[in-house]
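Asker: With chain P's structure known, arrange chain W on it following the hints.
The lines below spell out each chain.
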Amino acid sequence: MEETVGPSEMIIHLGPQHPMLPGPFRLNAKLRGETIVDSEVEMGYIHKGIEKILENKTYLQGITIVDRICYLEALTNEEAYVGCVEKLAGIEVPERAQYIRVIMEELSRIQSHILGMGEYAGFVGFVSMFMYTIRDREDLMSVMDSVTGARITHSFLRFGGVKDDLPDGFKDDVKYVFGNLKKAIDQYEELFSTDSIYKARTVGVGTLTADVAKDLGVSGPPLRATGVAFDIRRDEPYLVYKDLDFKVCVQKAGDVYARIQVRLDEMRESMYIVEQCLDQIPSGPLFPEGTAYGKRSPVMRIPAGEVFHRVEAPRGEMGFYMVSDGSDKPYRVKIRGPVYPTLQTLPPLLKGVTVADIVTIAGSMDTCTSEVDR
Amino acid sequence: MDANSIIASLTGKFPEDIYDANVESDIRVIAKVKPQNVVDVCRYLKEDLSFGHLCCEFGADYPDRNEIEVIYIIGSYDHPVILTMKALLPRENPVIESVVPVYWNANWYERETYELFGVKYLNHPDLKPLVLPIEMLGEWPLRKDYEGFPNKTAKNLV
Chain P
8 MEETVGPSEM
18 IIHLGPQHPM
28 LPGPFRLNAK
38 LRGETIVDSE
48 VEMGYIHKGI
58 EKILENKTYL
68 QGITIVDRIC
78 YLEALTNEEA
88 YVGCVEKLAG
98 IEVPERAQYI
108 RVIMEELSRI
118 QSHILGMGEY
128 AGFVGFVSMF
138 MYTIRDREDL
148 MSVMDSVTGA
158 RITHSFLRFG
168 GVKDDLPDGF
178 KDDVKYVFGN
188 LKKAIDQYEE
198 LFSTDSIYKA
208 RTVGVGTLTA
218 DVAKDLGVSG
228 PPLRATGVAF
238 DIRRDEPYLV
248 YKDLDFKVCV
258 QKAGDVYARI
268 QVRLDEMRES
278 MYIVEQCLDQ
288 IPSGPLFPEG
298 TAYGKRSPVM
308 RIPAGEVFHR
318 VEAPRGEMGF
328 YMVSDGSDKP
338 YRVKIRGPVY
348 PTLQTLPPLL
358 KGVTVADIVT
368 IAGSMDTCTS
378 EVDR
Chain W
20 MDANSIIASL
30 TGKFPEDIYD
40 ANVESDIRVI
50 AKVKPQNVVD
60 VCRYLKEDLS
70 FGHLCCEFGA
80 DYPDRNEIEV
90 IYIIGSYDHP
100 VILTMKALLP
110 RENPVIESVV
120 PVYWNANWYE
130 RETYELFGVK
140 YLNHPDLKPL
150 VLPIEMLGEW
160 PLRKDYEGFP
170 NKTAKNLV
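Those sequence lines, one after another, are chains P and W. Going by my numbering, the first sequence runs without a break in its numbering and finishes at 381. Going by my numbering, the second sequence runs without a break in its numbering and finishes at 177.
Derived from the structure by calculation, the hints contain no laboratory data. Be aware that a few hints might be false.
With a Cα cut of at most 25 Å, we get these calculated DSS-like pairs of lysine-lysine [unchecked claim]:
#, chain 1, residue 1, chain 2, residue 2
1, P, K59, W, K105
2, P, K358, W, K105
3, W, K147, P, K59
4, P, K94, W, K105
5, W, K53, P, K55
Just chain P, same shape as in the assembly (with noise of 0.2 Å):
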């Protein structure tokens, strides 16, 4: 970013703490008047170096690491982490233990959602829907707590299968909960739709289109929201989302009203899938029978070789790359995290709009540093 020219411009640095994005975070905007004419992101304040920690950690520990990426996406990087490490050792996972990871990973989905709608809500002024989507939330934190054991970092994956069966009256469960949830989001949607002052913030603000985004890497919820229908589970199908019935939630506009729609239809669309998850459940083993997996052996080589998997977490695109070289700690880790070039993007998205727009925009985006920032 060039310096400033004359008293007209001025440079102003939101962050490292703001409440426009969770986690440290700079935005350095250069001013002329009101309008922003250049910016220029400035990460580094908590690289926690998951990279190479991984690198020294044998693959069972792994699973503890990746949690802590984003604890928003816990379980969809255990499924990215895990998936690679089966694709690497050839591990069949049996139909159970799948149907119960995509049980919990799109309850994990919907409550990455309600927290970054949420959080969305109280940028633009309305400070009272945050507690309302945190209470919803706090539900579905319980009914994950009762399989995983624990509410945020759930460390539930293993090689091969999970780590424990549903409890006895988890349907009954869901299902209340999902009664609730159900409400609450077309409440949620009907003051998105009627309030005036929300569409005034949101409606045309921070329009991405379709090609724009395509050019810049984005991909999750701020993608669909410009037309484009590219969602892993249905594209590049695994575990087994090619057997459910489910549609990819799109919307034309690409603005910020677009992006927080698509998410309040994808909540709808995840808990369709987990009701016929829970229909369709057979029973069976948790892991593949005559191995040593789900056995407890924290040892566990891998046969040499690399693999690029990816799953679609809450915020679009996960990948992890991994070397192996037969040992029992990976060799190279790459983490492709799906904010990272959705953050890229807001230099090029906030050319030209107010300073007000900056929260609604970044805000939008449910970025999470910490991810990025890895």
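Answerer: Leaving out everything else, chain W in the frame of chain P:
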């Protein structure tokens, strides 16, 4: 478009630059590329084979082969095939052309590979550290011979 036709098209167009091309499965292709022509190959991939989505770009260090690999994972919004493309660089002086003119989002990936592996990108618009403080430049922390704790901690840098 499937994996075999992509490999055939790519090796047909760049017989000199693409080597060791393999089909791993229906949706995974792997190939190596000569570093000096990586931009031309990327442009062809994007414009003619609809590989419009750069998933990521990163490095991997191999001290026993004395090489640093720069790996591009390139996918598409139109077909499910993913290409893993590797450029092999010498470890003492890793220099490669930047692909930012083709794939806009390579910008941060290249900055990250620069600060963590020391790969220099020619014609990159703004090559400077992204996630590390500027004092760490030249340490190349993701290389395998990086000493790490306790020799290279923040305390010892002061």
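Asker: State for each hint whether it applies.
Answerer: Verification of the hints:
Pair hint K59 (chain P) plus K105 (chain W) holds up; C-alpha atoms about 21 Å apart against a cutoff of 25 Å. For the hint pairing K358 (chain P) with K105 (chain W), the CA-to-CA distance comes to about 35 Å; that exceeds 25 Å, so the pair is violated. About 21 Å separates the Cα atoms of K147 (chain W) and K59 (chain P), which keeps this hinted pair within 25 Å; it holds. A distance of roughly 20 Å separates the Cα atoms of K94 (chain P) and K105 (chain W); the hinted pair therefore holds under the 25 Å criterion.
At most 25 Å may separate the alpha-carbon atoms for a hinted pair to count; K53 (chain W) and K55 (chain P) exceed this at roughly 33 Å.
In terms of the numbered hints stated before, the structure departs from hints 2, 5, listed from lowest to highest.
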